[in-house]
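Once you have looked at the hints, place chain B on chain A.
Number of protein chains: 2
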Amino acid sequence: MPPEIKAVTLPADGRIRAVVDAVLPCVDGGRFAVKRVEGEAVEITAHAFTDGHDQVRVRLCWRAEGAPAVEEVEMTPLFNDDWTGRFTPPGPGRYRYTVCAWVDHFRAWRVELQRRVDAADILLAAQAGAALGEEAAARAAGADKKALGQWAKALRKRALAAGRTALDQMDQIEPEIEAIKTLALDPQLAELAARYPDRRFETRFSATSVTAEHPGELPLVVDRERAGFSAWYEMFPRSASVDEGRHGTLNDVAERLPYVAQMGFDVLYLPPIHPIGRSKRKGRNNSLTPEPGDVGSPWAIGAEEGGHKDVLPALGTLADFRALVAKANTLGIEIALDIAFQCAPDHPYVKQHPEWFRWRPDGSVQYAENPPKKYQDIYPFNFETDDWRALWLELKSVFEHWIAQGVKIFRVDNPHTKAFAFWEWCIAEIKSRHPEVLFLAEAFTRPKVMHRLAKLGFSQSYTYFTWRNNKAELTDYFNELSHGFGHDYFRPNAWPNTPDILNEHLHHAPRQVFITRLLLAATLSANYGIYGPAYELMEGRPRAPGSEEYLDSEKYQIRHWKLEPDQYASLHTLIGKLNAIRRVHPALHSNAQLRFFDTGNPLLIAYAKRALAGDGMVTSAVLTIVNLDATFRQTGWVHIDAAWLGVGGTESFEAFDLLSAQHFHWHDGGNFVILDPAEMPAHILRIKP
Amino acid sequence: MPPEIKAVTLPADGRIRAVVDAVLPCVDGGRFAVKRVEGEAVEITAHAFTDGHDQVRVRLCWRAEGAPAVEEVEMTPLFNDDWTGRFTPPGPGRYRYTVCAWVDHFRAWRVELQRRVDAADILLAAQAGAALGEEAAARAAGADKKALGQWAKALRKRALAAGRTALDQMDQIEPEIEAIKTLALDPQLAELAARYPDRRFETRFSATSVTAEHPGELPLVVDRERAGFSAWYEMFPRSASVDEGRHGTLNDVAERLPYVAQMGFDVLYLPPIHPIGRSKRKGRNNSLTPEPGDVGSPWAIGAEEGGHKDVLPALGTLADFRALVAKANTLGIEIALDIAFQCAPDHPYVKQHPEWFRWRPDGSVQYAENPPKKYQDIYPFNFETDDWRALWLELKSVFEHWIAQGVKIFRVDNPHTKAFAFWEWCIAEIKSRHPEVLFLAEAFTRPKVMHRLAKLGFSQSYTYFTWRNNKAELTDYFNELSHGFGHDYFRPNAWPNTPDILNEHLHHAPRQVFITRLLLAATLSANYGIYGPAYELMEGRPRAPGSEEYLDSEKYQIRHWKLEPDQYASLHTLIGKLNAIRRVHPALHSNAQLRFFDTGNPLLIAYAKRALAGDGMVTSAVLTIVNLDATFRQTGWVHIDAAWLGVGGTESFEAFDLLSAQHFHWHDGGNFVILDPAEMPAHILRIKP
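Protein chains in written order, with my numbering: chain A, -10 to 678; chain B, -10 to 678.
Treat the hints loosely; a few may be bogus.
The list makes no distinction among identical chains, and a pair is therefore deemed to hold if it is satisfied within one copy or across any two copies.
[Stated by the list, open to error] With a straight-line cut-off of 27 Å between C-alpha atoms, the simulated DSS-like cross-links for lysine-lysine are:
id	residue 1	residue 2
1	K170	K362
2	K269	K298
3	K170	K363
4	K397	K316
If you're looking for bench data, these hints aren't it; they were derived computationally from the structure.
In isolation and in its complexed conformation, chain A is listed as follows (with noise of 0.2 Å):
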């Protein structure tokens, strides 16, 4: 098999010798987008060097994407020809970068300049530097234009003369010499010739990336903040309402809001509002064998009454849930909604798509099964039909619908049983005219398709969080999470609870179980949510021993819930502290920063956050300490880095309890804590820089 032998093209022009490599962040090559949140500064590191001896000029280019102009930042170098340079986007949406350099005469020859002692050497090079200045001059305009011009013209002018005196008798004008060196080396004549540089051999990294469009361009999404810092409610409305026996309203919702508001939530999701099929409708408990007025599944989407735009009668109108949308933002709540792609068996999309279903050899629609497990209530689509187009495009207008009723958050159930790239087009679609809205894939699934996920454009993750228990799997979870490899695009949010998921150490727990879950998902992870009121009132009971069901799930079930003003019978009082504690210290607003520090016992956990300005400072530091036992008080030694705190180079801080009000010195090295879960599992010290 010898292949036919081919000349190796030459390049369009040899002359470009800088090289821009490693151009970081960078996802997959640039195949897909880096994520940050509004005001953030997006960070960028590459290698940049030349051949031999010569200097580059190295320059970050960003521009929002579909935008013809460039914004070019100077970057500085590093150490070993690392450079780094930094820009904040205006606002959210899609951006692109890149790195471009160039060999930089003016400053090769200038450094050069600055070792000559030959005064022979130095008149050739003044010479040399008033041909490079008359070139800059020829790039400049204007005043500029004009001060390089006489700048170039005297230097030659004086080197020329100086050069008639023979090399012999050279030491006898060494101060003329001396001063056309100084001439030379003028250092404002230097940053005004910087500013008109020769960038014909421009190189553009191109190491790898994608398309024809964006050639080097690595791709960023920027995300309004709550992307990255949010606090999640999860309530099913038609448990919602105050009377027990009557199935709650939007209106009811509407009705809850204060209450979901004093505990410092910011999202509030809705588990699907729309019309519930009727046939194959499940009972309490997921029973095959429903009663009369058994309400179903809101995942078991469609009825006569309509299907995934609609909203189910006995809940209310789109005319309530827009009220209720804006009454939430007056509380600074936005309404997430709950997008689960399948349908009942009377949804109106099976007459009127039946293309869009798979079909089994008797004629009937495939349901949903996982043999011997069937689902006969679901219809899945499938996404292999040869009118896979009109199905993507309807899918997408369900999102565009829920938009225009002022939805700005998704919450979107099993994305990975749906075609990966249905989600990177829709996402890209929502988001190039919509930037402001999020989404977040409840994908509890592997890790690379949760991964996978997340790189396509889903602006928040549902993560391993509610299996995560003991200090080890804490530690390693949030450690990859922070700074793992999908750091730059996979957002965590951390759930103690789901209505799917009852986990096993939550199961007829005690009150300080509950607690400690409770501060971990919101101290570890900037996003974080409850289902409640489940878990402010503590609901533990399963539906058998071993399950992660709920018992009397409300994924079947309206429930009543009583929601106790009694601080020992309701957590709500502690999630408001919380999350009230959570916004006031932006070092809870993040992932990047986390740090685990030693404590000597495995059922002590200590972790600390903290916030950065610009110049590396810190400004905000707040340190957990967690007793993981809900029996025993624990005690240990913490070891913490005061100079990472920000309180490097005190003899002792003040570390302040926010959950206790308690006031602690602590000093760098190791700190005596103890903590009874009787009392409070958890320290929050906030150190203050």
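Below, chain B alone, put in the same frame as chain A:
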């Protein structure tokens, strides 16, 4: 700056559901080639999965670059959506590989059928399977087509017949339903169907890479074995005369070949053999005032007798050179030539191509300088010349000229002072016609520049080994070389000395230091070399205290070396033994399997290399322990991992010292070692798996 809103383009086919990601190895997203040697299997891993519960099939696709036929290898799943596959390219050359995947509906159907228990479901699934069988038959031919068709027909017929049984009588035909299930699950038919998969919606890896010509195909360069395993000997031909005072010739080098072969070297590398410039010639010890008769530096290339394609008349003729190559080949030695792209002032290029050089304002050619230092005997090429195409073609023709004389290995002098783009083009161009040709980069410069040259195509690279002396330095550096990010493209070649570098630890050093550095180079690096006879004769006199220059350096004068047969005055016998050990033990032929072991003593370094068969079995293992202290005996406990060495699970095993021919009994865990530098500062232990 609100960018224009543009619809995001729908993909060409939205039904493509499989994902292929993270294909490894991969250098800079496919921008540069991975390197392997002939006969070595190339192991590829990838992430592959699809949405939902469906199964994927994954294939590794590879071909010689330019060859239309693609070879396919079925990949096998590991854990968590990781897949692996391997292929062995047939010989040196350039290859491309990628990974493709598709959703395997036949397999999903079969897996689900195995789990089905409901009789009616089984009969429906059998019909669905019959349809899949017919589709496979339509893609098949000959006997396979017939077999698949018959199976599908029989399956459908029996399923339909049984299906006519009333639903409430199904249990009466249980044996028939079991028989249908057995027929449907026929493993031979499954295998047959798997040979004719439905690949309409196949995904091909495309995350990164580069060119329209090679969509998603990652580049691979396969070199002949010497690229990965070689022992180099450098000598100055003009010092090869046996008669003191006579200028050595290429014929003298030919006479010296048996001596080199006895030492076991397989590459004999000669500094430039071209005419040496007379203008500004340097004298002995780099003097600016040469004496009459001074021979000048071989790197000051070019005089009226010719340039880079000519032989210095005092050395002989092109015919002599060809004869030398031929004789060397009979002894298993290859001649490597030094290519230094720079000119003496009297090089013919200067007059013929003045536009290839930079000019100073006084009308003279710009010589090399690093102010205030001047190298007036060297004119660098100007790679920014407008005539760069002609320059590149001429430089490439220098390699071609020597390839025509039989040279297959080039040591390139200071490649980092020439344009990077030139090297990428030139090496690719040469290797497209001569895949056997190897290039060693002499770039003693900053790490990123060295790595760039390796990525651009250099087959081997000089390293920092020359300056890495203590245990921590050696451990860190060789771990980086073997396991760091460059391991797929950067092939180290370790030299304890070169004509330019007499490192301080060799200054007036005793015999055991020369032995230690030699052993380290030869056992840590599969490619290594020495500059002789300076090395084997233990020349340790610097030009000045602290200088890395040799006193009376051969760079500027002829040396007459007395090739002592006495083994205390020369290391040549030990070198011969060492190179024989290297040759016999495959463990020492590669750096991929290098591991350091704890000794508890900072002056005692221990490390092993091993070779693995395709199935992961250890086929060769060599454990080296070196006393880094030139003066004192050192002892320590070497903590080994017997299983890693292929001798796990035994009470003890033989460790045979290949240097001293001593037998030791070693075991897993700690083993006591004592090494006296006065005798031999090292063990090289063969561990027999």
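Results for each hint:
1. K170 with K362: between (87 Å within a copy, 18 Å between copies)
2. K269 with K298: This pair counts as within: shortest intra-copy Cα distance 22 Å, inter-copy 87 Å.
3. K170 with K363: between (87 Å within a copy, 19 Å between copies)
4. K397 with K316: Within. Shortest intra-copy distance 15 Å satisfies the 27 Å Cα cut-off; inter-copy 79 Å does not.
The structure shown violates none of the earlier numbered hints.
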